[in-house]
Amino acid sequence: MKGLELGSSLFGKLLKRTRTAIPTGAMFNVGITIILAVVLMAVFAPLISPYDPTRATPDILKPPSSSHLMGTNQIGQDILSRVIYGSRIILMVVLSATIISMAVGIPLGIYSGFIGGRADRTLSMVMDSIYAFPSLILAIAIASVLGPSPLNTAISLAVVYIPTYYRMTRGQTLSLREQLFVEAARSMGAGKLYIMRKHILPNLLPTVLVVFTLSAADAIITEAGLSYLGLSVTPPTPDWGYDLRAGQGYFTTGYWWISFFPGLMITLLALGFALVGEAMGEKISIASK
Amino acid sequence: MGSLARYLVIRALAIIPTILILYTLVFIILRILPGDPILAVLGTKNIPPDQLENLRRMAGLDKPLYIQYFSYLFNFLRGDFGVTITFPSGVPISTYIAQRFPATLELAICGFIVSIVIGLGTGALAAVKKGTKIDGALKLYSILAYVTFIPLLGMVLQYIFGVYLKWLPIAQRIDPGLAPRSITGLYVLDSLLTANWAALRSSVLHLILPSITLGIVLSGAYTRLLRNNMVEVLSSDFIRSYYSRGIRERKINWYALKNAFLPVVTYMGLQFAILLGGMVLTESTFSWPGMGTFIVERLDYRDYTSIQAAIIFFAFIVGLISLIVDAVYALLDPRIRY
Numbered sequence: 001m002k003g004l005e006l007g008s009s010l011f012g013k014l015l016k017r018t019r020t021a022i023p024t025g026a027m028f029n030v031g032i033t034i035i036l037a038v039v040l041m042a043v044f045a046p047l048i049s050p051y052d053p054t055r056a057t058p059d060i061l062k063p064p065s066s067s068h069l070m071g072t073n074q075i076g077q078d079i080l081s082r083v084i085y086g087s088r089i090i091l092m093v094v095l096s097a098t099i100i101s102m103a104v105g106i107p108l109g110i111y112s113g114f115i116g117g118r119a120d121r122t123l124s125m126v127m128d129s130i131y132a133f134p135s136l137i138l139a140i141a142i143a144s145v146l147g148p149s150p151l152n153t154a155i156s157l158a159v160v161y162i163p164t165y166y167r168m169t170r171g172q173t174l175s176l177r178e179q180l181f182v183e184a185a186r187s188m189g190a191g192k193l194y195i196m197r198k199h200i201l202p203n204l205l206p207t208v209l210v211v212f213t214l215s216a217a218d219a220i221i222t223e224a225g226l227s228y229l230g231l232s233v234t235p236p237t238p239d240w241g242y243d244l245r246a247g248q249g250y251f252t253t254g255y256w257w258i259s260f261f262p263g264l265m266i267t268l269l270a271l272g273f274a275l276v277g278e279a280m281g282e283k284i285s286i287a288s289k
Numbered sequence: 001m002g003s004l005a006r007y008l009v010i011r012a013l014a015i016i017p018t019i020l021i022l023y024t025l026v027f028i029i030l031r032i033l034p035g036d037p038i039l040a041v042l043g044t045k046n047i048p049p050d051q052l053e054n055l056r057r058m059a060g061l062d063k064p065l066y067i068q069y070f071s072y073l074f075n076f077l078r079g080d081f082g083v084t085i086t087f088p089s090g091v092p093i094s095t096y097i098a099q100r101f102p103a104t105l106e107l108a109i110c111g112f113i114v115s116i117v118i119g120l121g122t123g124a125l126a127a128v129k130k131g132t133k134i135d136g137a138l139k140l141y142s143i144l145a146y147v148t149f150i151p152l153l154g155m156v157l158q159y160i161f162g163v164y165l166k167w168l169p170i171a172q173r174i175d176p177g178l179a180p181r182s183i184t185g186l187y188v189l190d191s192l193l194t195a196n197w198a199a200l201r202s203s204v205l206h207l208i209l210p211s212i213t214l215g216i217v218l219s220g221a222y223t224r225l226l227r228n229n230m231v232e233v234l235s236s237d238f239i240r241s242y243y244s245r246g247i248r249e250r251k252i253n254w255y256a257l258k259n260a261f262l263p264v265v266t267y268m269g270l271q272f273a274i275l276l277g278g279m280v281l282t283e284s285t286f287s288w289p290g291m292g293t294f295i296v297e298r299l300d301y302r303d304y305t306s307i308q309a310a311i312i313f314f315a316f317i318v319g320l321i322s323l324i325v326d327a328v329y330a331l332l333d334p335r336i337r338y
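Residue numbers (my numbering), protein chains in the order written: chain V, 1 to 289; chain L, 1 to 338.
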């Protein structure tokens, strides 16, 4: 019984806390619709894509028509199918990168903010330096050593976004540390680890959610940038950034659809995350006022 | 020593750790991460050992790590960035950087100016029209600008203004054969200094599309920041007192803009770093012969030493920029002193 109670109350708490961050309104609705649509597209790619995304056909450079809604590229691959399958790589890379960034950045941030001292100063300095460095260039450096592959792209993105989570978590922890309920827990003899886990971490959740969506928007652009530069996938894997690059030479000669649709999807997906993040950020700052 | 000078000296010293951390970080990434850079260069394990040794020596990889760390840093500070190890091998990387960096700087400055002009204009407009449809539309603009993928915007602009309207060139820095005599390496400045009007015209025309692409993408952040600052300033007491004294609204808005501008300056340093990242994509899209395309080209050749030098060079630039931003901030705000 005790276990069940604990479980359900934890879930309830989580729900309650995240609900304060979930806004209503057009911005949020549009954003979440875009994200869900892309996620569904990635999950059901084999069912909804009209052609094999990697198969070259003699139908080259066909403009958008009823048989190829987004046209075909220079080797006759169907753009729509490639766009549908391309959502898989970008989502997977960005999500796994974000999870790694969070798993490293959040604990370090809580530790830094709660314990303080020399470790905090050193960590902050290192994190601030990484944060100040152009993220795409840092990602290029890492990806260039590791070699081009989606997994390595995810690793480089993860390193790049650790400081984002660290800085946010540390800042929040610094202010939470002074709150009365933390004081109360401490006076009742709660250990540091317990306070960090039970009082600091849950209160960070709404902000984590906002930072997650905003940095995911950023990471999508960076991922697309890396694969645009040829540092992520190798052909014939469908990938938005790579496909955009592959069609670039054709764009200015009039075959605009090869690059345009993958590029549009990159911006659209990033927009979805940015809209959700903005809407949630506003909600939180209103709630805290 | 005046207080401003003292402030600047202290800030300059404080930049050193940042640069060292960045240098160390890049060093760790490039040297200590798994993967042998030389084997990655060759793409094969079947090469004669003496050739491998030779390449290692050229890349400075034959010495112990801590010696590599310090000797590279020391050489770097003297302007010796090492030599290329793949085709064309043995060329000092400093000659490439001397050639490529001015191109990047020129485009970065122009893109930066475009972003400030658009950002401040839209931000101030949104603040003055707070709560109206214009404010809402500009908010959407700021988000859209931020998430726009640079190559997509660049290609669309190339198509409209370069291919369809044929108004502007879509690649390179200048028409072939027109490059002005090099003094600073910045074509616009060099053509002015040498009174070479054909070169001036061509280089300015070449700058327009990439600068606008870069500028638009970066302007979104300024729009937001300035709007929010200015809304706050506009609701403060001194603004109300201006109104009560009958000062014209235009003038009041101008005062508010000036006050709202200060926090934007601090943000510029960070924004400049984002700009350098965006430069790589912009340069790639417009075949702009700068540092970004240099990195991409050398990536194709897997020229490890060039990539390393270029990235450490960027680390120094980032440190330098944050120093400049501190200096500008101190000049603008007399309260900032030690």
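Since the hints were derived computationally from the structure, they do not count as laboratory data. Heads up, some of the hints might be wrong.
Below are the DMTMM-like pairs computed for lysine to aspartate or glutamate, each with C-alpha atoms no more than 20 angstroms apart in a straight line [claimed, not checked]:
| hint | chain 1 | residue 1 | chain 2 | residue 2 |
| --- | --- | --- | --- | --- |
| 1 | L | Lys130 | L | Glu232 |
| 2 | L | Lys251 | L | Glu232 |
| 3 | V | Lys283 | L | Glu232 |
| 4 | V | Lys283 | L | Asp135 |
| 5 | L | Lys129 | L | Glu249 |
| 6 | L | Lys258 | L | Asp175 |
| 7 | L | Lys133 | V | Glu282 |
| 8 | L | Lys139 | L | Glu232 |
| 9 | L | Lys139 | V | Glu282 |
| 10 | L | Lys130 | V | Glu282 |
With beta-carbon atoms standing in for the labels, derived distance ranges [claimed, not checked]:
| hint | chain 1 | residue 1 | chain 2 | residue 2 | range |
| --- | --- | --- | --- | --- | --- |
| 11 | V | Met92 | L | Asn54 | 47 to 57 angstroms |
| 12 | L | Thr95 | V | Lys192 | 47 to 57 angstroms |
| 13 | L | Thr95 | V | Thr57 | 27 to 37 angstroms |
| 14 | V | Pro50 | L | Ala179 | 45 to 55 angstroms |
Glycine included, C-beta positions come from ideal geometry on N, C-alpha and C.
Hints versus structure:
1. Lys130/L to Glu232/L: holds, 11 angstroms
2. Lys251/L to Glu232/L: holds, 17 angstroms
3. Lys283/V to Glu232/L: Answer holds: Lys283/V to Glu232/L is near 19 angstroms, not above 20 angstroms.
4. Lys283/V to Asp135/L: The hint holds at about 18 angstroms.
5. Lys129/L to Glu249/L: Satisfied, since the Cα-Cα distance of roughly 13 angstroms is no more than 20 angstroms.
6. Lys258/L to Asp175/L: violated, 40 angstroms
7. Lys133/L to Glu282/V: With Cα atoms ~18 angstroms apart, Lys133/L and Glu282/V stay inside 20 angstroms; holds.
8. Lys139/L to Glu232/L: Status holds; Cα separation ~16 angstroms.
9. Lys139/L to Glu282/V: holds, 13 angstroms
10. Lys130/L to Glu282/V: holds, 16 angstroms
11. Met92/V to Asn54/L: 47 to 57 angstroms: Given a distance of about 41 angstroms, which is not inside 47 to 57 angstroms, the answer is violated.
12. Thr95/L to Lys192/V: 47 to 57 angstroms: holds, 56 angstroms
13. Thr95/L to Thr57/V: 27 to 37 angstroms: violated, 47 angstroms
14. Pro50/V to Ala179/L: 45 to 55 angstroms: Holds, since Pro50/V and Ala179/L (Cβ atoms, about 50 angstroms apart) stay within the stated range.
This entry does not satisfy hints 6, 11 and 13, going by the numbered hints stated previously.
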